[in-house]
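Engineer: Given next are the chains, with one letter for each unit.
2 protein chains.
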Amino acid sequence: MLELGPAPEEPCLRADAARNRARLLEAAARLIAEHGVAGVTMEAVASAAKVGKGTVFRRFGDRTGLLMALLDHSGRQLQADFLGGPPPLGPGAPPLERLRAFGIAVLYRSAEQLELQLAAQPEACRRFSHPATQALRTHVTMLLRQIVPDADCELLAQTLLASLDPALIHHLTRQRHMPMARLESAWLDLVARVTRTRPPV
Amino acid sequence: MLELGPAPEEPCLRADAARNRARLLEAAARLIAEHGVAGVTMEAVASAAKVGKGTVFRRFGDRTGLLMALLDHSGRQLQADFLGGPPPLGPGAPPLERLRAFGIAVLYRSAEQLELQLAAQPEACRRFSHPATQALRTHVTMLLRQIVPDADCELLAQTLLASLDPALIHHLTRQRHMPMARLESAWLDLVARVTRTRPPV
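Residue numbers (numbering that gives the first Met the number 0), protein chains in the order written: chain U, 0 to 200; chain X, 0 to 200.
Don't read these hints as lab results, they were simulated from the structure. Just so you know, not all the hints are guaranteed correct.
[As the list claims (entries may be wrong)] Computed Cβ-Cβ distance ranges for the label pairs, DEER-style:
| id | chain 1 | residue 1 | chain 2 | residue 2 | range |
| --- | --- | --- | --- | --- | --- |
| 1 | U | 33 | X | 111 | 43 to 49 Å |
| 2 | X | 38 | U | 43 | 45 to 51 Å |
| 3 | U | 43 | X | 93 | 56 to 62 Å |
| 4 | U | 34 | X | 22 | 49 to 55 Å |
| 5 | X | 174 | U | 85 | 32 to 38 Å |
| 6 | X | 52 | U | 148 | 56 to 62 Å |
| 7 | X | 110 | U | 33 | 41 to 47 Å |
| 8 | X | 128 | U | 42 | 32 to 38 Å |
| 9 | U | 43 | X | 92 | 55 to 61 Å |
| 10 | U | 43 | X | 128 | 26 to 32 Å |
| 11 | U | 148 | X | 144 | 28 to 34 Å |
| 12 | U | 137 | X | 16 | 52 to 58 Å |
| 13 | U | 42 | X | 176 | 32 to 38 Å |
| 14 | X | 130 | U | 93 | 42 to 48 Å |
[Said to hold, decoys possible] Sample of chain U residues facing chain X (criterion: CB under 7 Å; computed from the structure):
| id | residue |
| --- | --- |
| 15 | 113 |
| 16 | 117 |
| 17 | 124 |
No experiment lies behind these values; they were computed from the predicted model shown. From the three backbone atoms N, C-alpha and C, an ideal C-beta is built for every residue, glycine too.
Using the sequences and the hints, build the whole thing.
Structural biologist: As structure tokens, this is what we get:
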């Protein structure tokens, strides 16, 4: 889904190249919002970002490379937010509040990028070993260890993350037409049950 | 994954045709146990069941049809067990005990058929709308409504079932080498947390 490992080449990009890349990704994100994933072609992105087509190919290789870069970009942003952003998602808030905020952030991010995330889901036998999944799992496990230290926090983290699976969010919101507010309440209720606390009022 | 709808043609099969079908499915299951899913070819099944290759093709169409029939067969068995089999999985036991037994039955069934279930996982956007998934969800939702009637039982059922996803069981047991006993305990603990009860001693 997301590639959240270190991006060693990023700091070496010259400032204008980095700006270029960001502009291309923004253009691609805009195209998706307007026309769905199908609307993202190398040509459309080049034209929307007002650069030559060759620049887009040079930067991302092909359309799949561009879509992966887009997910990667947003995955890194999420990771930066929960690792070092402002509370309650970032450090500084109590772990229970951070866990609540984490699920809601993931829910809304997935809802915004549903098509892209579904298109990028790895096959069944790699779905849970993907680096992006691992980064999220490490974070949720760490928070759970602070809230319910005696539990099997690794497996509870798997369950909590499974309830945020983009394919499930797609099913609930698009196929069964549940409003996001219901998914949000269900997340807060699930966190309360799993941690044996009370949901926030 | 599984096709759990009614099988209208089954009762019309002549007794020898039904026996034939069962023998072919048993042969295929044996081949999978011995050689993995890759070991299942139409020829190998015909030879193991001591029938002509034409019989296998006539009955299942092709290899995919055979694998689907195999999952379908075992899915129907599971469904028969939780709908009408002996307690604690079937009716007669308290709903909390049935829910515990349900997860353990699904866990061990998946562990036995992991390769087959992974190979048969539908693509992301159909994973949760598949009839087999729906049958399991209906059952878990029904049990939860008896245990925690005030909760959003539909969404809690989704979460409980997500923790039993064959792709997750594959990841935990094959890629992270967790013993089944740990997954079993985690299920009992999860049920206790979600229903705000105590795990069995």
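Engineer: Are residue 128 of chain X and residue 42 of chain U spaced within 32 to 38 Å by their CB atoms?
Structural biologist: holds (34 Å)
Engineer: A range of 32 to 38 Å was offered for this pair. Does it hold for the Cβ distance of residue 174 of chain X and residue 85 of chain U?
Structural biologist: holds (35 Å)
Engineer: Is the hinted range of 41 to 47 Å satisfied by the C-beta distance from residue 110 of chain X to residue 33 of chain U?
Structural biologist: holds (45 Å)
Engineer: Does the beta carbon distance between residue 38 of chain X and residue 43 of chain U stay inside 45 to 51 Å, or does it fall outside?
Structural biologist: holds (47 Å)
Engineer: Look at the Cβ atoms of residue 43 of chain U and residue 93 of chain X and judge whether their distance stays inside 56 to 62 Å.
Structural biologist: Given a distance of about 59 Å, which is inside 56 to 62 Å, the answer is holds.
Engineer: With chain X as the partner, please determine if residue 113 of chain U meets the hint condition of a C-beta pair closer than 7 Å.
Structural biologist: Violated, because the Cβ-Cβ distance from residue 113 of chain U to chain X comes to roughly 9 Å (cut-off 7 Å).
Engineer: Measuring from beta carbon to beta carbon, are residue 137 of chain U and residue 16 of chain X in 52 to 58 Å?
Structural biologist: Given range 52 to 58 Å: holds, Cβ gap about 54 Å.
Engineer: Hint says 28 to 34 Å; check whether the CB-CB distance for residue 148 of chain U and residue 144 of chain X agrees.
Structural biologist: Holds, at about 32 Å.
Engineer: Look at the Cβ atoms of residue 43 of chain U and residue 128 of chain X and judge whether their distance stays inside 26 to 32 Å.
Structural biologist: 31 Å Cβ-Cβ, so the 26 to 32 Å window holds.
Engineer: Between residue 52 of chain X and residue 148 of chain U, is the Cβ distance one that fits in 56 to 62 Å?
Structural biologist: holds (59 Å)
Engineer: Quick one, is the residue 117 of chain U hint okay against chain X at 7 Å, beta carbons?
Structural biologist: holds (5 Å)
Engineer: Next item in the hint list is residue 124 of chain U. Is there a CB on chain X closer than 7 Å to its CB?
Structural biologist: holds (6 Å)
This entry does not satisfy hints 13 and 15, going by the numbered hints stated previously.
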